[in-house]
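From first to last, the protein sequence lines stand for chains A and B.
In terms of our numbering, the first sequence opens at residue 1 and continues consecutively.
In terms of our numbering, the second sequence opens at residue 398 and continues consecutively.
Because the hints were derived from the structure by calculation, they are not lab data.
Note that the coordinates shown come from a computational prediction; the quantities given were computed from them, not determined experimentally.
Hints may be right or wrong, so weigh each one.
A few chain B residues that face chain A, going by a derived Cβ cut-off under 7 Å, partial list only [as the list claims (entries may be wrong)]:
no., residue
1, L492
2, Y619
3, L649
Each residue gets a CB set at the ideal place from its N, CA and C atoms; glycine is no exception.
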Amino acid sequence: MAAPMRGMAGSSNTGNTTSFQKKTHSKLVSIPGTRPSVQNGQLLVSSGVSSLDYVIGGGLAVGTLLLVEEDRFDSYSRMLLKYFLAEGVVCGHELFLASARDHPDEIMQELPSPIVDDVAGIKMSEGQSQPSDPENPDTMKIAWRYQNQPRVQTALVSSMRFGHYYDVSKTMEPELQQAAKCHRFYQLQETPVTKGSSPLPSPYQALLKSIQTVIRKEGFDGSTPQSKVRNVLRLGLHSLGSVLWGDDVCCNDNPAHCHALSTFLYALRGLLRSSLSVAIVTVPSHLIQNRAVMGRIIRLSDTAIALESFRGSEKETNPLYKDYHGLLHVHQLPRLNCLSCEVPDTKDLAFKLKRKQFTIERLHLPPDLSETVSRVSKTELAAGCGSTATGNKHLDF
Amino acid sequence: MFPELNSILNATPDGFKSSDFILVSDRRADASFLIHHHLSFYLRAGCKVCFLGLVQSFSHYSAVGQRLGVSLAQAREKGQLVFLEGLKNSIGVVLQEDTSQETQPLSYLRTPGAGLEGLFRFVDRCVRQRGDGDAGESWGPPVLLIDDLSVLLSLGVSVGAILDFTLYCQATVCSELQGNMVILVRCEEDADDDEEGSNLLQRGLVHQCNLALHVEGLPTGYCRDIHGQMSVWWRQGGETIYNQRKIFHFKLHDKGASFFARGTSSAVL
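Kindly produce the complete structure, drawing on both the sequences and the hints.
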């Protein structure tokens, strides 16, 4: 469904958050790998994980910032970053990757390979999880009051084919990887810029400058003429706020540059709003002692999710969580160009990384009919009245 | 403009209280829908509006404004609305490329410790400039709208400087020019806050204001049909000094919001 055209007389575009102008009558400028949102006509790109797209309202809107709070060992947040970049490679978008710990080339070499010949298999599983169709052949006879309720879907997938699936056990072929244009920023190789009076410390300043240069040079903000085909820039910024970025917000209770990260995110969002780009930023929030800083950072981004993995914690052996690898918390969803945002059904979400899919499912309690429940009470009763009656242990008057 | 909110606050575009300082705050929720309400309300009332949009772009407000029935682009062209594009112009100031006169209001990005004097001069210039549109159209009393004063705390400005700025603005806009002021402040979740926090800012502003609207989530937990609760605190108004508080639940729709008393949501009844 095409986004509704808002025909305003001037050159200002009210439909998108970017300054790029849509032509109303002639060809609609469509960028591969994007689609308009059904709620408010925003241009969306896939994050690489289809269940995450569903959870955050259809996909990542172009011009917004997704904040991912890392899990303790940075395994799943790094996986999300790789999915995001791999999706960019497959859709033909340009990439910008910045990291301070591992070289961007290493991250690029670890990208999962896309599954291109599994369309039939995926469509089968999608067909099964469709919501109930109007003419249901099996009408309910006993629980007929629930006839009109929607069918419960635990696996959150969207029915439209948007986004791809990846095989985590294989890495992407080098030819496919080289075909994508990727700008790299490795903090340890950058020479520090010693400008005295800047509000940002040097690594963030250099990163911001580099992002702005790429956006201007490649024309994502509409500065170059329309001869080039429009494309989207995907920015992946790994582990911002960690010590390797020259920031001490993770190690001190009262850091010297407590506003560096928030100023950086503010300026980055300003850049994103005026260009065709999407950014994913991962922050090691479990290291930040000051809760107020985390609250500020969440409010400065558009979408914010947090990953909590069970590995190494006592939840790993909890039978409730035995099918999952961790919990996913959605802290903030954006309201872009509209009053209301997509209100999620439930806030209890858990994720599981399978070989071919990163699934996010609704966490629900299983029915309490396990064998162990009654067995425990039997032994307790037996212990309580074991000395007196030897016959019927379950009858205790 | 939300008609139900107008009846709660006893205000219509034709008759509303002047010299009013309205504080909109939230805790773990998003109160920006009240800013959209006030923006469309005062534009409909024909006031000259000075809007400091520090967290969103102009196209966002104008898209929502269209759903609420006002056209921000037209208002800007006619001179009724002056919009400070804080977010998009910030990158130039932070990277120190743009040192022209135009970015003087954003000088707090360059030197956060210096205070908000540049921003106040911009506001002062804007609200005093009335009635010089074409055909001698003169607008009503000036209105200052600030979307998200607490983002300045994230950028390094101190609480004292922000409170000074609001005092100056209140003296100019409310007392001198008989206009109104609506400010949005977003608070932290914890009650045990740090000294230089947004809670301190919110408490200071509540003391200065006439009407405080506070939005937060439901105390009983997350609900799909009720998006939150809003408490209205009438602090003082003119001759009568009364202190009255009421709590309402609300639900946001595509084109508006509905407010109802606690327990009367359509999902429950």
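Comparing the hints with the structure gives:
1. L492: holds (6 Å)
2. Y619: holds (6 Å)
3. L649: Holds. Min distance 4 Å.
Every hint from the earlier list agrees with this structure, and none is contradicted.
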